[in-house]
Structure formats: structure tokens, C-alpha cells
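**Student:** Residue numbers (this note's numbering), protein chains in the order written: chain A, 13 to 96; chain B, 60 to 438.
What the hints contain is simulated information worked out from the structure, not anything from laboratory work.
Any given hint might turn out to be false.
To give an idea of the interface, some chain B residues facing chain A are shown, with a C-beta separation under 8 Å as derived from the structure [as the list claims (entries may be wrong)]:
#1 Lys74
#2 Val76
#3 Leu162
#4 Val163
#5 Leu164
#6 Ala169
#7 Val173
#8 Tyr175
#9 Thr201
#10 Leu282
#11 Arg308
#12 Val309
#13 Ala318
Partial chain A-side listing against chain B, Cβ under 8 Å, derived [claimed, not checked]:
#14 Ile24
#15 Val42
#16 His62
With a straight-line cut-off of 30 Å between C-alpha atoms, the simulated DSSO-like cross-links for lysine-lysine are [stated by the list, open to error]:
#17 B:Lys182 to A:Lys35
#18 A:Lys69 to B:Lys182
#19 A:Lys20 to B:Lys190
#20 B:Lys102 to A:Lys43
#21 B:Lys332 to A:Lys43
#22 B:Lys191 to A:Lys69
#23 A:Lys69 to B:Lys102
#24 B:Lys85 to A:Lys43
#25 A:Lys43 to B:Lys191
#26 B:Lys219 to A:Lys35
Heads up, the beta-carbon is just placed ideally off N, CA and C, and yes, glycines get one too.
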Amino acid sequence: MCLAIPGKLIEISHDPHGVRMGKANFGGIVKQVCLEYTPEVKAGDYVLVHVGFALGKVDEEEAARTYRLLEEMNQLTELEVPDL
Amino acid sequence: MKYLDEYRNEALAQKVVSEIRRLVTKPWVLMEVCGGQTHTIVKYGIDHLIPPEVELVHGPGCPVCVTSLEMIDKAHAIARRPDVIFTSFGDMLRVPGSECDLLVLKSRGADIRVVYSPIDALKIARANPNKKVVFFAIGFETTAPGNAMAVWQAHQQGIKNFSVLVSHVLVPPAIASILQSPFNRVQGFLGPGHVCTVMGYREYEPIAERFRVPIVITGFEPLDILEGVLMTVRQLELGKWEVQNQYPRVVRREGNLIAQNLVNDVFEISDRKWRGVGSIPKSGYKLRYELRDHDAERIFEVEEIDTQEPTICISGLVLRGVKKPHDCPAFGKQCTPEHPLGATMVSAEGACAAYYAYGRHLQQPKQECGREEAVISYQ
Ligand code: SF4
Chain A
13 MCLAIPGKLI EISHDPHGVR MGKANFGGIV KQVCLEYTPE VKAGDYVLVH VGFALGKVDE
73 EEAARTYRLL EEMNQLTELE VPDL
Chain B
60 MKYLDEYRNE ALAQKVVSEI RRLVTKPWVL MEVCGGQTHT IVKYGIDHLI PPEVELVHGP
120 GCPVCVTSLE MIDKAHAIAR RPDVIFTSFG DMLRVPGSEC DLLVLKSRGA DIRVVYSPID
180 ALKIARANPN KKVVFFAIGF ETTAPGNAMA VWQAHQQGIK NFSVLVSHVL VPPAIASILQ
240 SPFNRVQGFL GPGHVCTVMG YREYEPIAER FRVPIVITGF EPLDILEGVL MTVRQLELGK
300 WEVQNQYPRV VRREGNLIAQ NLVNDVFEIS DRKWRGVGSI PKSGYKLRYE LRDHDAERIF
360 EVEEIDTQEP TICISGLVLR GVKKPHDCPA FGKQCTPEHP LGATMVSAEG ACAAYYAYGR
420 HLQQPKQECG REEAVISYQ
């Protein structure tokens, strides 16, 4: 239950008590999410959600950067092989 | 997002594995702290995929598993009351207490309801002003902002019939306690990515320094785990002990400050008993005195309940990485997910349940030979 999952924010609203809420899509399942902890997020952003609360934004650039780093791994290894 | 699924790319996983293989020169023991990571590791067979020199032991990071027997018994005492609607995350319903579990109490007529979010428990309180609605507020730092918000809103909006039974636990004191143990074998940690989304990772820096262990804050996809292992092994091989962040797409060093502020407004640090482990100083949260009107322990006067753990279950040793589930004589025999003897068999994030779910009770413990053929299976 400690796992948080990323979802795409599709809508932002406020509940009758003024709490910032939104709807997020988790691979087809749409759920209510509290956005009080993520004032910076906008519709279309990916947020990490745990027990109905968005805890942070998932940064697409960082995701791509880490991924590229992993992809390049073998090339770098090959460069380290000493020349004959 | 394009990259959400890509972190399960099998070819890339093999690249990272060969990089680990290239780096490793001697045996190392790493612990993943978080139960979600344990689940990924066992599901994808990552512990069999990496070189045999690197052993992964599973940490205490399943909040359901470490909730103490006292707390479960307190929950039962409260849930039994006819004036109470007891609400909880689903995983808690099957955790064995001294006598039975919450599911059994429910079948005997107690009003026990499963909620997805503490905010849902608050909604139940609004809709049932004549009942006392109690939420079982368990979890690590990841769950604390949600639980804090529910209490805060109840306080602000004057919802007087809402209270929480708090059993929050904190990761850094648990890591320090593992490292202080004379039985400790752990040399490096995969840090809990989602806990650090909230808390950041500054508080791990003094631990890395004091115990000279590398801690790499790691995500939850197979590639995240493999890169976390790679980064930890690289540090160990170079004789370094730093806190590094494998999971920057979500985690920042300072964490989520807004969430930390509300958590601090609602909770204060307290000693906390961990199931199977015992009491760890300053390892949990309790409700602040100012919010005592929402404190179920105080309202229902269950503070004095005290209990003894059953002796057969070795989950305390499993939770500290000293033993693996298949070292337990009851594993897969008297103890199964249908009839759990200990909490690590109940939640999907518990090490015993993860080993059972992926057939580890049917096979021999991992052997040094023949592991090269182990295949990663992506579903
Ligand atoms: S298999 Fe069951 S009895 Fe053994 S340690 Fe795990 S939870 Fe406890």
C-alpha cells in the first residue's frame, strides 16, 4: 500500500470546502485526486498519486534523461576496452 | 507519458545487468527498504538476474507488516464498539491480531469499511453524524500527508465525530536501527523513492556518513531497481558512501515542502513499536496534543493494551534482512496468504507474501550455480 502510481491529470476543480482537487487517469481508470500538495501542476501533467493525494509531479525530461543514460550504458562500456 | 512503460524494457535491463557484472569484484549485500521495491524484485526475478555476488535482502518497508500487534488489538477494541464505524485501507483487514482479524469482526457485525483514501473516511464521518468514525492511520512518510490532511480538514471544518488511530512509522530510524544491530549484514541501501518524494533525502545524508554506507534513492520499475543496484555497487567498489538519487524524475533533495509542513502541523515524532522488531526510538508519528479531539487512542481509552507476539513467526528477522522467508519453517506450510501467521504474509508488499505469490515456496532457495540462465519475465 506504500506504492504511489503516476496518473495523467485531466481536470482541476475545487470541492465545496475550497480544497484543490482534480481528476487523474491511471491507464483508463479515472479517480479523484487531492492537489493541495502540488499547487504547480496543470491539466495534462503527470502526477504521482498515493491514497488519493498527488505528492509530486513526474518530470518527463528527467524520465527521458535517465532513460537515455541507461541506453548509452553499453556504448560507454565499449569505449573503455583498451585499444589493441 | 512515453517513458512510463519504457522503464520495463527488457533489452535495456540486460545492458544494466552486464554493467553490474563488469563492475562487481566481490560479494555485497544490499537492502531495498521499501515493500513496493521488494514486490518488483520478486515479480521480475531481479534478484536472480543480477550477478551472484550481489545479494538483495528485503527491508522493513511494508507498513501493514510492521504495524504492531498492540495497534491491531487497539483497532479491534475500537471497531467492536456499536457506536463506531471503523475505516481502514483494505490490506489491514486480514492482519492477524491476538484473537482474530478485522474481517472476522466484520462478519460478526462490526461496521468496518474499506476506504481508498483517508478523505473517504472523512466523507463517511460527514454522512454519519450520529456515529463515531475512526480511520486506521498507518503508513510510512508517503501516507502521512494524506492522513495529515484528513485530520486537518476535520479540525478546520469542525467534524467532531472523526478520529484517527495513528500508527505511523518512519524510514530513517529503521535504517539506523538495522545498521546498529550486531547481526547486520547490509552494506548498501536502495532508498525508498516514494517516501523521499515527500521527505526529500537530506535526512539520509548523516546516516550514510555515520555508518559509511551508500544509500541510493531508487524508483519502483525494474529498470529503476537495476540502476539503483548498479549505482550502489559502483559506490561500494569505489569505497564511497554517498546519498545518490536514481529517481530524479520524481524525487528532489528537499522533497515536497508543502506536504512536510502540514505533516509537522498535525503530527509529532514519537517512539514506535514495530511488529516483530520491537520499539525503535523516535521512529514514528503521533498526533499533536492540540489535535487530541481527533485522537482515537485517547477518545476510546485503549492506550494501555499490551500484547505478546507469537513465537513461531520469524518475520522480525525477515524485516531486518537477517533471514529470508524460505528460512522460516512455517513458510508455505502452516503460513500462507490464506492463513497468514505473521504480518509479512498478509500484504502483497510483505516479503513472505511476495515470495509466495511468485512461487518461491515451490523452488529451492537460489543457488550459486546455474543462475546465469535465470530469465527476466516481463508481463
Ligand atoms: S512465513 Fe509466515 S510465519 Fe514465517 S516469517 Fe513469514 S509471516 Fe512469519
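**Student:** Now tell me if each hint is right for this structure.
**Tutor:** Hints, one by one, checked against the model:
no.: 1; hint: Lys74; verdict: 5 Å, holds
no.: 2; hint: Val76; verdict: 10 Å, violated
no.: 3; hint: Leu162; verdict: 16 Å, violated
no.: 4; hint: Val163; verdict: 21 Å, violated
no.: 5; hint: Leu164; verdict: 20 Å, violated
no.: 6; hint: Ala169; verdict: 21 Å, violated
no.: 7; hint: Val173; verdict: 11 Å, violated
no.: 8; hint: Tyr175; verdict: 6 Å, holds
no.: 9; hint: Thr201; verdict: 5 Å, holds
no.: 10; hint: Leu282; verdict: 6 Å, holds
no.: 11; hint: Arg308; verdict: 4 Å, holds
no.: 12; hint: Val309; verdict: 6 Å, holds
no.: 13; hint: Ala318; verdict: 4 Å, holds
no.: 14; hint: Ile24; verdict: 16 Å, violated
no.: 15; hint: Val42; verdict: 13 Å, violated
no.: 16; hint: His62; verdict: 5 Å, holds
no.: 17; hint: B:Lys182 to A:Lys35; verdict: 18 Å, holds
no.: 18; hint: A:Lys69 to B:Lys182; verdict: 26 Å, holds
no.: 19; hint: A:Lys20 to B:Lys190; verdict: 36 Å, violated
no.: 20; hint: B:Lys102 to A:Lys43; verdict: 26 Å, holds
no.: 21; hint: B:Lys332 to A:Lys43; verdict: 34 Å, violated
no.: 22; hint: B:Lys191 to A:Lys69; verdict: 36 Å, violated
no.: 23; hint: A:Lys69 to B:Lys102; verdict: 26 Å, holds
no.: 24; hint: B:Lys85 to A:Lys43; verdict: 47 Å, violated
no.: 25; hint: A:Lys43 to B:Lys191; verdict: 27 Å, holds
no.: 26; hint: B:Lys219 to A:Lys35; verdict: 28 Å, holds
Hints 2, 3, 4, 5, 6, 7, 14, 15, 19, 21, 22 and 24, counting from the list given before, are not met by this structure.
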